[in-house]
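K.L.:
Please work from the sequences and hints to get the whole structure.
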Amino acid sequence: MNRRTLLGASLAIAAAPMLIKPAFADALETIRARKKLMVAIDLGSPPFGQTDAQMQPTGSDVESAKLLAADWGMPLEIVQVTSPNRVPFLLTGKADMVMASFSVTEERKRVIDFSKAYGVIQIVVAAKKGVAIADYAALAGKRVGTTRGSSNDKEFTTLNTGAQIVRYDDDATLITALVSGQVDIMATSPQVMAAANGRAGNDTFEVKLVVKTNPYAIGIRKGETALQTALNEWIDKNLANGKLGEIYKKYNGVALPAEMPAA
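FYI, in mature numbering (1 follows the signal peptide of the UniProt record, and there is no 0) the residues of the sequence shown are -25 to -1, 1 to 238.
Just so you know, not all the hints are guaranteed correct.
Stated by the list, open to error - Pairs of lysine to aspartate or glutamate residues, derived as DMTMM-like cross-links and limited to a Cα-Cα distance of at most 20 angstroms, are as follows:
# : residue 1 : residue 2
1 : LYS103    : ASP159
2 : LYS91     : ASP211
3 : LYS84     : ASP128
Honestly, the hints are just simulated from the structure, not real lab data. Source: prediction; values computed, not measured.
P.N.:
This is how it looks when you write it as structure tokens:
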């Protein structure tokens, strides 16, 4: 192989990593130039994202995204996602950021960055009031429903000691499965449990085990320092003035912690 061929091969190898991941301009500058904010939100995850009786988007993430867009002086475009495709939609540039009860995990931090936390979400195991569940061993052989690809799914799967995990594509489908009796136990959030109870009549669910308490934050692509700084400043301001706390309590029924956990 001659020198020219070797040089060409070396350049091809050096360029290969650049072909694996799409390149994007500075996200904050792109948003400002476009004059529109594109936010990925899961509308199948009440009370964070859902549709109302008029089929309009609503929920705490929807209202928080509307507040962000208003503060930045631009319209909001909601890019609808599900739990499994939140990261792919972000990495392929279909949205500027993700606001979808996006729990901060070490696994996710390896591929994307996060803002400061603007809310918290617990992962719980819940079942009907008459069902006794003292520990994870008591779930052996039982069907437990969860949302595919969510933190609830991943954390419960790690601790599972014999339950049959039944995965649904979004929280709305999980709630339907619970209310219709397809599954009687869930690994999910208290908010999803409350939504199920709203449709369950008198035969309601209650928390049996608390798996974990996670902060959730705004997901952005790696290296977007300017966007991350701008989001952090916005979160600090709206936690301090109480607006994010009001939105959270309105939809979740409980107040944010006095001190937000680090994301």
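K.L.:
Now look at each hint and say whether the structure bears it out.
P.N.:
Verification of the hints:
no. : hint             : in the structure
1   : LYS103 to ASP159 : 7 angstroms, holds
2   : LYS91 to ASP211  : 8 angstroms, holds
3   : LYS84 to ASP128  : 17 angstroms, holds
Violated hints for the displayed structure: none, as all numbered hints are satisfied.
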